[in-house]
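No gaps in the numbering here: position 148 of the sequence shown is 148 in the numbering used here, and each next residue is one more.
Hint data in this document are derived by calculation from the structure and do not stem from the laboratory.
There's no promise every hint is true.
Straight-line distance between alpha carbons at most 25 Å, and here's what the computed BS3-like set of lysine-lysine pairs gives [said to hold, decoys possible]:
#1 K663 - K712
#2 K663 - K651
#3 K89 - K113
#4 K702 - K712
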Amino acid sequence: MRMKTTLLLLILSAAFQISYSQGFNSVYSPDGIYVFAAGNQGKIFRSADGGASYASYTINASVNYMSCFANDSTVWLSGSDGNVYRTSKYSMNLTAFSTGVSTPVNSVFFLNKRLGYICGDNGVVMRSLNGGLNWSAINTGLGTANFSSVHFLDSLNGAAAGSGGVLYTTSNGGASWTMQATGTTRNLTKVKYFTSGIAATGEFGTLIIKNGTAGFKSIATRIDSDIRGLSGASLNNIHVCGGGGFIRNNSNNSTLFLNFEINPMVGDLKDICYADSLRGFAVSSLNQAIIRTTNAGVSWQLSPGTTVTYSWAAKLSTSGGIGNNLSRHPYDRNTLFCMFGNRVYVSRNRGDNWTQISTTTLGTNAHSFFVSPVDTNIWVCAIESAPDKVIRTTDYGATWSTSISINFSNYGTPLEMDQNNPSVYYYAPDGGGFYKSTDNGGTFTEISGNYPFRSPCDVMVMYDSSNVIFIADGVTGSGLGDIFKTVNGGVNWTKVHTNTASSEIPALCNSVFDRSTMYATNWSGGDIYRTKNYGDNWSLLRTNSASGWAADMCREDPTFVLTGSYGGSTFLSLDGGTTFATISISGGAGAGEIAVDRGYVIDMRTGGIEKLVANYTVVTRTEEKLITSVPSDFRLYQNYPNPFNPSTTVKFDLPESGQVTLKVYDVLGREAAALLNEYRTAGTHEVTFNASGLSSGMYYYKIEFKGHSEIKKLMLIK
Numbered sequence: 001m002r003m004k005t006t007l008l009l010l011i012l013s014a015a016f017q018i019s020y021s022q023g024f025n026s027v028y029s030p031d032g033i034y035v036f037a038a039g040n041q042g043k044i045f046r047s048a049d050g051g052a053s054y055a056s057y058t059i060n061a062s063v064n065y066m067s068c069f070a071n072d073s074t075v076w077l078s079g080s081d082g083n084v085y086r087t088s089k090y091s092m093n094l095t096a097f098s099t100g101v102s103t104p105v106n107s108v109f110f111l112n113k114r115l116g117y118i119c120g121d122n123g124v125v126m127r128s129l130n131g132g133l134n135w136s137a138i139n140t141g142l143g144t145a146n147f148s149s150v151h152f153l154d155s156l157n158g159a160a161a162g163s164g165g166v167l168y169t170t171s172n173g174g175a176s177w178t179m180q181a182t183g184t185t186r187n188l189t190k191v192k193y194f195t196s197g198i199a200a201t202g203e204f205g206t207l208i209i210k211n212g213t214a215g216f217k218s219i220a221t222r223i224d225s226d227i228r229g230l231s232g233a234s235l236n237n238i239h240v241c242g243g244g245g246f247i248r249n250n251s252n253n254s255t256l257f258l259n260f261e262i263n264p265m266v267g268d269l270k271d272i273c274y275a276d277s278l279r280g281f282a283v284s285s286l287n288q289a290i291i292r293t294t295n296a297g298v299s300w301q302l303s304p305g306t307t308v309t310y311s312w313a314a315k316l317s318t319s320g321g322i323g324n325n326l327s328r329h330p331y332d333r334n335t336l337f338c339m340f341g342n343r344v345y346v347s348r349n350r351g352d353n354w355t356q357i358s359t360t361t362l363g364t365n366a367h368s369f370f371v372s373p374v375d376t377n378i379w380v381c382a383i384e385s386a387p388d389k390v391i392r393t394t395d396y397g398a399t400w401s402t403s404i405s406i407n408f409s410n411y412g413t414p415l416e417m418d419q420n421n422p423s424v425y426y427y428a429p430d431g432g433g434f435y436k437s438t439d440n441g442g443t444f445t446e447i448s449g450n451y452p453f454r455s456p457c458d459v460m461v462m463y464d465s466s467n468v469i470f471i472a473d474g475v476t477g478s479g480l481g482d483i484f485k486t487v488n489g490g491v492n493w494t495k496v497h498t499n500t501a502s503s504e505i506p507a508l509c510n511s512v513f514d515r516s517t518m519y520a521t522n523w524s525g526g527d528i529y530r531t532k533n534y535g536d537n538w539s540l541l542r543t544n545s546a547s548g549w550a551a552d553m554c555r556e557d558p559t560f561v562l563t564g565s566y567g568g569s570t571f572l573s574l575d576g577g578t579t580f581a582t583i584s585i586s587g588g589a590g591a592g593e594i595a596v597d598r599g600y601v602i603d604m605r606t607g608g609i610e611k612l613v614a615n616y617t618v619v620t621r622t623e624e625k626l627i628t629s630v631p632s633d634f635r636l637y638q639n640y641p642n643p644f645n646p647s648t649t650v651k652f653d654l655p656e657s658g659q660v661t662l663k664v665y666d667v668l669g670r671e672a673a674a675l676l677n678e679y680r681t682a683g684t685h686e687v688t689f690n691a692s693g694l695s696s697g698m699y700y701y702k703i704e705f706k707g708h709s710e711i712k713k714l715m716l717i718k
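Let the sequences and hints guide you as you build the complete structure.
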């Protein structure tokens with residue numbers, strides 16, 4: 001059934017700046033020129049210049065738009081109210097069409113202007129043969145899964161994917177469906193049917209690919225954040241996004257999707273769309289900063305005029321922070337532990353709130369702390385005492401025992417768990433020797449022949465190569481900071497780097513995605529060193545403005561690098577260390593850092609916990625509102641406020657739909673701003689005009705509509 005067109009709020013034309021906290025669910029571009037993004041509470045963005053600028057609309061504020069799709073000049077959106085909405089890419093006058101269901105329509109896809117498909121909760125899969133006017137069910141045998149995505153290669157071959165790893169395919173246009181063995185029970189978020197096969201993404205790092213007639217193969221993405229977006233031209237050129245903002249692709253035979261696309265988003269990415277081989281767009285559900293690429297993902301940029309500011313938000317105020325005592329829960333991605341002094345704290349909501357859950361009497365200040373993936377009741381830490389100790393608990397912090405007593409650096413993190421074999425721990429104390437535990441930190445044995453380290457500051461194990469281990473060494477005031485490497489599990493060591501401009505190497509960091517690349521900080525200098533050849537050679541990358549301390553590479557994206565200082569600054573790179581932004585931080589001196597994902601970044605201070613916050617400010621065009629009642633006459637109202645600085649609202653009545661022109665002129669009759677030149681539906685409209693780029697003085701605004709025109713004065717006073 002066709003429903004009456006309703007338009008509640010439009011935002012168009014001229015410069016207007018807004019700070020947003022709400023983002024988008026979907027983005028699509030049919031040609032790389034027109035771009036559409038849709039989100040909750042009726043929010044839609046539209047660009048007619050390839051993402052260089054956007055008009056902002058709010059249409060049907062009670063509706064959450066779940067997905068959008070465009071084919072040639074027609075645009076469709078699916079709603080949380082069970083409707084499908086249609087418009088032209090040249091304007092945003094939506095027409096709603098009922099699908100016959102009241103539950104959300106999660107995905108909409110059209111092969112051409114007439115043949116389209118939708119899917120939704122409770123087994124809903126439907127087809128339209130007339131451009132969305134009417135819909136009929138094609139879900140025989142599909143069951144009651146909540147379908148999140150539907151896609152067709154042609155009029156016969158399609159796929160629908162959803163909750164519990166469910167994925168069905170059809171080869172007869174939906175007359176019948178075949179359940180596929182996906183090998184996962186994770187909820188699937190997106191599916192695409194390519195000429196040579198099918199790809200689908202899902203929660204907890206799920207990415208599966210079916211090549212030809214073969215079964216689905218799971219890609220080891222090495223992440224546990226959700227993969228939400230999927231786009232690309234072929235099965236060998238797929239782009240996926242998700243988590244805290246990563247974008248990855250499998251071009252150039254990177255079967256593990258190890259090509260990470262450098263982008264400026266610090267916050268989840270919900271959807272991605274490549275219009276062609278070069279031009280792509282991606283959106284977040286947390287902000288309205290649409291990013292775009294014009295070079296196949298080599299780099300992404302914010303839309304012109306969009307800015308981002310970074311800050312740290314205090315989440316816990318305490319004392320006794322030193323070393324790096326941040327430890328992720330191995331199975332619950334929202335849980336994080338940290339130890340301050342002799343106290344263990346836990347956050348169950350990604351570092352926002354913290355609760356003390358344990359205290360030990362065996363020492364005073366912890367320097368390294370780990371929750372074991374073998375058994376989360378086992379915690380192991382290095383702690384200051386007389387002498388210093390490695391201690392552990394096997395009952396979730398209720399009781400603690402000593403594993404080894406030997407002094408370590410009073411500023412470093414001398415204990416490390418082997419992430420490749422988490423029952424193994426390494427301990428590097430002061431004055432030489434390298435100790436290994438193979439029983440979850442219960443006992444330690446010296447294995448290096450007491451190699452003469454001075455005062456190790458950090459220990460790092462290479463991902464997937466447990467025999468390759470690094471030690472960062474240094475003594476305050478010595479003027480020498482060293483890095484040592486072993487390739488036989490800690491038995492023999494080689495010095496691979498000496499920095500004569502500092503006394504210590506406080507922190508090392510590496511990544512599971514690129515074992516050749518690692519970073520090292522320096523104290524008391526601000527040097528950042530990097531290796532690109534597995535730690536054999538290190539070179540100066542840059543010198544920061546503060547003495548180096550903690551460091552981490554994002555656990556889901558190696559292009560995201562964070563280093564700290566033993567002061568009030570942190571340094572963030574989103575392009576693999578090419579450039580860094582300086583971000584001020586409070587809470588005492590730096591201690592440890594962890595970048596769980598690009599949107600979940602925690603800094604441990606000597607006096608508490610801070611969490612990274614990114615705020616995006618988006619510049620769109622003028623706001624326009626449409627009141628739903630239809631006036632009887634054409635009328636232009638006096639702007640308000642008047643005088644104004646810098647924004648004012650212009651209101652006008654349209655008794656019927658038609659083309660409207662609204663412009664501002666100076667006292668000499670020269671055009672100062674074009675506010676509106678588009679088709680508008682009948683109703684009372686309000687347009688917000690931002691005159692921040694104009695000089696103070698008298699101006700005139702003129703409206704023209706179907707042979708009618710009116711002019712009124714407005715006064716800008718700055």
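So, going through the hints one by one against the coordinates:
no.: 1; hint: K663 - K712; verdict: 11 Å, holds
no.: 2; hint: K663 - K651; verdict: 13 Å, holds
no.: 3; hint: K89 - K113; verdict: 13 Å, holds
no.: 4; hint: K702 - K712; verdict: 7 Å, holds
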